[in-house]
Every structure is written in structure tokens, then in C-alpha cells.
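K.L.:
Here's the letter readout for the chains.
Protein chains: 2
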Amino acid sequence: MKPLPSPRLLMGPGPSSVTPGVLQAMARPPIGYLDPELFDLLNELRAGLRSLFATANSFTIPLTGTGMAGMECCLANLLEPGDEAVVGVMGFFGARIAEIAKKLGAEVTVVEGEWGRPIDPALFEKALQGRKQVKLLACVHAETSTGVFQTLQPVASLAKQYGALFAADTVTSLGGMAVDADINGIDAAWSGTQKCVGVPPGLSPITVSERAMNAAANRKTPQNHWFFDWQLLKNYFDGAHAYHHTVPVNLYYGLAQALHEIEAEGMQNRFERHHRCSSMLMNGLQELGLQPFAQEGCRLPTLNTVRIPASVADEAALRRRLLEEYGIEIGGGLGALKGQIWRIGTMGACADERSVLTLLAAMRTMLH
Amino acid sequence: MKPLPSPRLLMGPGPSSVTPGVLQAMARPPIGYLDPELFDLLNELRAGLRSLFATANSFTIPLTGTGMAGMECCLANLLEPGDEAVVGVMGFFGARIAEIAKKLGAEVTVVEGEWGRPIDPALFEKALQGRKQVKLLACVHAETSTGVFQTLQPVASLAKQYGALFAADTVTSLGGMAVDADINGIDAAWSGTQKCVGVPPGLSPITVSERAMNAAANRKTPQNHWFFDWQLLKNYFDGAHAYHHTVPVNLYYGLAQALHEIEAEGMQNRFERHHRCSSMLMNGLQELGLQPFAQEGCRLPTLNTVRIPASVADEAALRRRLLEEYGIEIGGGLGALKGQIWRIGTMGACADERSVLTLLAAMRTMLH
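So the sequences go chain by chain: A and B.
No gaps in the numbering here: position 279 of the first sequence is 279 in the numbering used here, and each next residue is one more.
Basically the numbering used here = 1-based index in the second sequence + 368.
This is chain A alone, in the form it adopts within the complex (with noise of 0.2 Å):
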């Protein structure tokens, strides 16, 4: 066994680099499931990811595994076999939705938007004028695979007018800018712990409004899903306690460290740290040649994409003597953006000056 990994500075898509008091946070000796101090725990995750999302939402709980454990959670409580669902796609992970969405056999509508811009609402509203009665109108908040942020408020309200149920993938906003969940009106949401919140990867915040746990709890088919149940998962985090899964306690550890650090920090100046942090980097990328990706005013402060230029001739290896000679990972694109874009996190810990001087000191270093 290598006895430690190589120092990494974590500038991809995530994970991103976590703070050190996270890490020692990880190493304390587990407890049981049923402790009495797991449960003042949990109660203290909860209402620190509820002011997270922004949500008076009983049910916001870390749920174990990824951010697409908490999509698949979160569609598959919802969506049932032939429920309509509207998805919008402007990127890898709108796609995912629809992947899934799809695999639960709901009839879905894909609202295409370019990757690289946010969708116009008025394609969500067509796509809901031309189906019955939609179940579900899901979208992406944070587009990893573009960078662009979509503006979730006017498509909440169309989906209530409309009378769906709104969902959004926050993977890549929550800690890092605004979701809002409640003044938006997402009735489910999903993230992951391992970008802006500064925990490495292992868990999903999810957060259900009432009317959204009222639905999957009045399906009209029983869901297939066990581990993801959410009414079984309420048993657990609520009331009882009954028995449902061994919860990973030592990701709960490293968790409610990055949401004190969070709170000392406070919401407003950690937002403010990212955007100041993703601004000092694009700036400096445009200073060394590179142009965004991503459409201006929609551009994420989490993740930041530019263009691969045309004098780098193999982006992967360049890539790769980022990570063996400075020991800086960033991300190629995703899908379709495969080799036409790099993607790079100011995320967590790794949104901070020193990490964005390093990274534009190496990119200059190779680029010239």
C-alpha cells in the first residue's frame, strides 16, 4: 500500500481539496447507529443543510452515497411508470436525469437547451403546454459539464402553474452560491458533499417539501427502490429510529465539521469568497489567451469552463503534467464538450487566492 496519496490540489469537477479540520474531523472512532449522541448529531446536519438549501423542509437529510445517488432517490420516490415528466437538458447532467427518468418508465419530455447557455423558460412552457398533466419538471441548477447556472425561479413557477412537482440538481451550487430551495420552490433537490460543502465524497443533502413526500407517499404503484425509499428512510431519521441502513458516521464527522466551518465563515461571505475566487481565474485564464465556455451573466462561480485552444494539440497530456509535475487536477469536458473544454473548480476550500495564483502560474508555465 502507497502510504499516502500525492499531495493534490483539486481543481476538477470534485472532489475538491477539503480543510485539514475535515480531515482530522474523519479519523474520530465511529458510533452505533442507534447512539443517542449519532441521533444529536444528525439533528445538528439537518438544520445545518436546512439553512444550506435554505429550507424550513423536515425531511433534508445527508443521504449515504453520491450526488447521483440523490438523483436516482430523488426520481425514483416520484416518478412512477408512465408518469410524464419534463427534463431540461443543457448539458451532461440534464441528460442523466432524463437517462434515469426514463429507466423508472416515466414518459419524458426533453426540453433541449445549447450546451454552454441556460434553457429560456419559454421552452420549458411549451413542452407543459403540450403534455396532460405532468408529474414532474426537473432541471439542472448547476450544470457541471457547462459551467452555466439556469435561474431556477421562473421554471419553479411554471411547474406550479402548471401543477408539477419541481426538482433540481444542486450539486454543484450548494456552499457555493444561493439555491434558495424554498423561495424558488423546489420541492426536491439533491447535491453532493464533496464540491462547495468541503467534505470529501460519500454524501447526497437531499431536501422534500411536504408536497413532494405526499406524493411518492400516494403513489399509485409501490416504488421498486428499497435503499432509496424515502419512507423508509423517514422511518430511520424521524420518530423511531427503526433500524434501516448503518449510516457512514465518520462522513458525519467530516460533515458537521464543514458545516460549522460554514457557519463561522457565514453563507453571504463564503458566496462572495467563490465568486471573487472564479472571477481572479477567469480573469487571469483570458489574460493567458483562453476564452469561456459558458455564456456571460449565467456563468457559474463554482465551476469555471474555458475553451481548449487550438495551439494545444493534446489537451489529455497536458492535463496529465498538470497532475504528475504540479500536482493540480482539473477536468477535460464531458460528453460532447469531450476535448473542447477545460472545466475547474473554485470550490470549498480550493475557492481561496493562493489556490487560483498556483493554478494560473502553472497554466502559464505550459501554455507559453
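If you are wondering where the hints come from, they were derived from the structure by calculation, not from laboratory data.
Every value quoted in this text rests on a predicted model; they were computed, and no experiment measured them.
Where hints are given, some of them may not hold.
A partial selection of chain B residues facing chain A, derived with a Cβ cut-off under 7 Å [said to hold, decoys possible]:
1) Pro373
2) Gly380
3) Met394
4) Arg396
5) Thr432
6) Met436
7) Ala437
8) Leu472
9) Gln562
10) Pro568
11) Pro569
12) Asn592
13) Asn618
14) Met648
Backbone N, C-alpha and C fix where the C-beta goes; we use that ideal spot for every residue, glycine too.
Using the hints provided, position chain B relative to the given structure of chain A.
P.N.:
Structure of chain B alone, referenced to chain A:
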């Protein structure tokens, strides 16, 4: 936030206490899910898990999730709606297999055994004879709710004879007693890391035979589980390393350290240690006047069950005192055995003489 959890000796049904080395390993900085070092680490983990399962199965991975995730993962890939499944139930976890198999739409024939004893293989044969074509025969190797082990080989032989695949729950056996997946003829097995393997909860080692992989690949109806889809997982873990989800690398660090410690101890030594500590515990408990619950000769060396004496009016209060005054966790009965038995683990780092002596001393004080 509580700065540190109270010190606990985890001698319940899991999680078990882990070594300081494993805790330290968990605090290493994360690396990315496409980092070449991550794949070196994964190769090491998968080789170590193959040794633990005693299998040559290529598809042997640490699934993201806990033992229950592993159970659903294996069942969801193998069972299609309408498939015939025969499930042995001699306790709570056998019943869970049956419950999830039914949720997946399988036609489930339950082979009922008495709680506290293994199931007579003749009962499995009777069930197999009565059905047209059984796709899957599943049972529990180490029943955590009763403290009983089922000898797998005769059951696996029957599965083979009747053309069925054979799956086993090895959550409470892996790392503490031989699973011998290949010798026994197991097609799919799932486990957890938080018991005898010695890692905090969050990973479910699974191993799948070529025959079972082929059965899943050739199913007539697509499965609707995405996060647990073997083919998608294989695309990430093998060959192309196509992004599936952001794997929980800090749990991987813990598992790597645990596997390293297992290798240093030697598998046989480890099994003997579990056996020795279990015997020591059961002898000590019997000296205190407690009666074993599980049938002699079929008692797990990892999870020990005793009947609660009539003299104990409030068993939950006793367990609470044990936790609060001595920092020792033991488990109560699950399901039908609630209030009837205690479940005491001698697993992983808690399969050790000092822990057993400590528990016995505390029990002596409280019972007399």
C-alpha cells in the same frame, strides 16, 4: 458541535470499533475519481477483497453504500419482474432479502427456518422442486439477527443442480470467518466493511461470478436501478473508467489500511482470533447465568446471541446504562426477537481479549 464523540467500545451488531491505523488513514486528503493513483488504490482494494471472499471473480468491488445497498444491488441486477426466486429466511436479514426481491417484482418462495437455527437444505430442495424454473436461490450466510451461520455449500449445490444462481448475504461473516465464495459456489455475495473487515460504515464489498454477470447482461427487461447497475459500475471500475459517480475515496483509504492489517495478521489467524474471543465471551456470559440463543454448532464466531434473563425487567435500560456508564454498546433483538435476546459482537478490532473482559466485567456488575 460536540468536539468529539464519547469513547465507545462497539460490541453491538455493528459498526464495530476500528484500529487507530484505519482512523488515521481516513484523514488522508482526497484525490480525484480519475486520478491514476485512485485506480492503483482500487486495484489494491479489489485484490484484497478477492482474498477476503476467496474468489477469482473479476467483478469484486467496494460498492458505495452499506451492506443493505449491496443486497439491493445484487438482487436488482439479477431479478426481473416475474422471475422465480427462492429465499431462505431464518431471521431478519433473510426476510429483508425476500422483501426486496418482492419489491423488484420477483415471484418469491420463502423457505422458512426457525429463528436460532440454520435451515435444513432439504427444505430448499423441496422449494426448488415445486417451482418451474428458479432464477435465484438466496440465503444469509451469517444471520445478524440470530447469531446463526448457514453452511453454504449444500445450498449452493442445490442451486446448481436446479439451474439457479446462488446469492449470499455475508455482511457478518466477511473478514471474521471463511466465506470461500468460489469453493462454495457463490454467484453473488454482498457484505459491509463496518463489522469484521474493520472499517467505518459506508462501503459494501460485493463479488459477482461471470455466470451472474452474464445473467444480468442478458436479462429480458432492462433494470430500473441506475446507481447499482453492474454494467455501469463495470464501465467505471474496469477498462474505460467512464465516469459513473464520485467514489468515496476516504472510505477507500480506510479499507486499504484494514486490508493491509488483515494481510499482516493472516486470514487464518484472524478467523481464529474471532473464534477465540467469541468462545471466551460465550463462556463468560454462561458463567454469569446467561443462556445462548443460537443452536450449538451453528453459532457465529462474530455475533453472539444470549437470551435475556427473566430477572432483567427493562433490558433497554440495562443497555442504556452499559452505554452511558461504561461506554459499551451491545445490541438488542431485531424484529420478532426484540426484548428476547442481546446481540454482542466480537468483530474486527473488538474481537480482542481486553474488550471481552471489559464487557464481561461490566455485565457482571449490572446483572448481580
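K.L.:
Against the earlier hints, flag every one the structure doesn't satisfy and list their numbers going up.
P.N.:
Hint 14 alone not satisfied by this model.
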